[in-house]
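Under UniProt numbering, the residue at position 3 of the sequence shown is numbered 3, and the numbers go up by one with no gaps.
Treat the hints loosely; a few may be bogus.
[Said to hold, decoys possible] Here are the simulated DSS-like pairs of lysine-lysine, each with C-alpha atoms no more than 27 Å apart in a straight line:
| hint | residue 1 | residue 2 |
| --- | --- | --- |
| 1 | K35 | K49 |
| 2 | K56 | K78 |
| 3 | K56 | K35 |
| 4 | K79 | K49 |
| 5 | K56 | K79 |
| 6 | K90 | K78 |
| 7 | K90 | K35 |
| 8 | K49 | K78 |
| 9 | K79 | K90 |
| 10 | K90 | K56 |
| 11 | K79 | K35 |
| 12 | K90 | K49 |
| 13 | K78 | K35 |
[As the list claims (entries may be wrong)] Distance ranges between label pairs, derived from CB positions:
| hint | residue 1 | residue 2 | range |
| --- | --- | --- | --- |
| 14 | R69 | D93 | 16 to 22 Å |
| 15 | D93 | P22 | 17 to 23 Å |
| 16 | G38 | M87 | 17 to 23 Å |
| 17 | R62 | K90 | 14 to 20 Å |
| 18 | E37 | G88 | 29 to 35 Å |
| 19 | Y25 | H70 | 30 to 36 Å |
FYI, nobody ran anything at the bench for these hints, they're computed from the structure. In this text, a Cβ means the ideal position worked out from N, Cα and C, and glycines have one as well.
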Amino acid sequence: MGFFSKLFGSKKSESKNEQIEPTHYNDYLIYPEPKQEGGQFRIAGRICKEINGELKTHHFIRSDLLSSRHDAETFMIKKSEMFIDQMGEKMFD
């Protein structure tokens with residue numbers, strides 16, 4: 001399998017090298033990181049916030065699958081904003 005990846009290129013290595021720009025919401029940073037699964041994208045990402053000098057991170061994964069990466073990123077941001085409004089810093093407990 002490694003031979004074919006080198007011959008035809010591997011998408012996984014490209015996606016790990018890309019920089020993700022966070023979306024700022026209140027004092028939180030939202031990093032959309034959709035996971036590709038069977039030609040669709042699972043809504044996933046991170047919510048981060050600095051609390052008392054320490055960067056706290058909550059990994060966010062949903063069961064929703066969408067047909068485009070852009071849609072999965074957009075939906076992840078919206079869902080994260082609602083989650084932040086509901087949970088606040090409790091998400092890091």
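A quick look at each hint next to the structure:
Simply put, K35 and K49 have alpha-carbon atoms about 22 Å apart, close enough for the 27 Å limit, and the pair holds. Restraint check for K56 and K78: the C-alpha separation of about 20 Å stays at or below 27 Å, so the hint holds. Note on K56 and K35: the hinted pairing holds, with a Cα-Cα distance of about 22 Å set against a maximum of 27 Å. Of the pairs offered as hints, the one joining K79 and K49 holds, with about 17 Å between alpha carbons and a cut-off of 27 Å not exceeded.
A distance of roughly 19 Å separates the Cα atoms of K56 and K79; the hinted pair therefore holds under the 27 Å criterion. At most 27 Å may separate the alpha-carbon atoms for a hinted pair to count; K90 and K78 meet this at roughly 19 Å. Note on K90 and K35: the hinted pairing holds, with a Cα-Cα distance of about 25 Å set against a maximum of 27 Å. Only pairs whose Cα atoms come within 27 Å are accepted, and K49 paired with K78 is accepted, the gap being roughly 17 Å.
Between K79 and K90 the alpha-carbon distance is near 16 Å, which keeps this suggested pair within the 27 Å criterion. For a cut-off of 27 Å, the pair hint linking K90 to K56 stands: about 11 Å separates their Cα positions. At most 27 Å may separate the alpha-carbon atoms for a hinted pair to count; K79 and K35 meet this at roughly 16 Å. As the CA atoms of K90 and K49 are separated by approximately 12 Å, the hinted pair is consistent with the 27 Å bound.
Among the hinted pairs, K78 with K35 is consistent with the structure: their alpha-carbon atoms are about 17 Å apart, no more than 27 Å. In this structure the supplied range 16 to 22 Å is violated for R69 paired with D93, their Cβ-Cβ distance being about 31 Å. Judged by the Cβ atoms, the range 17 to 23 Å given for D93 and P22 holds: they are separated by roughly 22 Å. Against the hinted window of 17 to 23 Å, the Cβ-Cβ separation of G38 and M87 comes to about 30 Å, which falls outside the hint.
R62 and K90 have their C-beta atoms about 19 Å apart, which keeps the hinted 14 to 20 Å range intact. Judged by the Cβ atoms, the range 29 to 35 Å given for E37 and G88 holds: they are separated by roughly 30 Å. In this structure the supplied range 30 to 36 Å is violated for Y25 paired with H70, their Cβ-Cβ distance being about 19 Å.
Checked against the numbered hints given earlier, this structure breaks hints 14, 16, 19; the rest are met.
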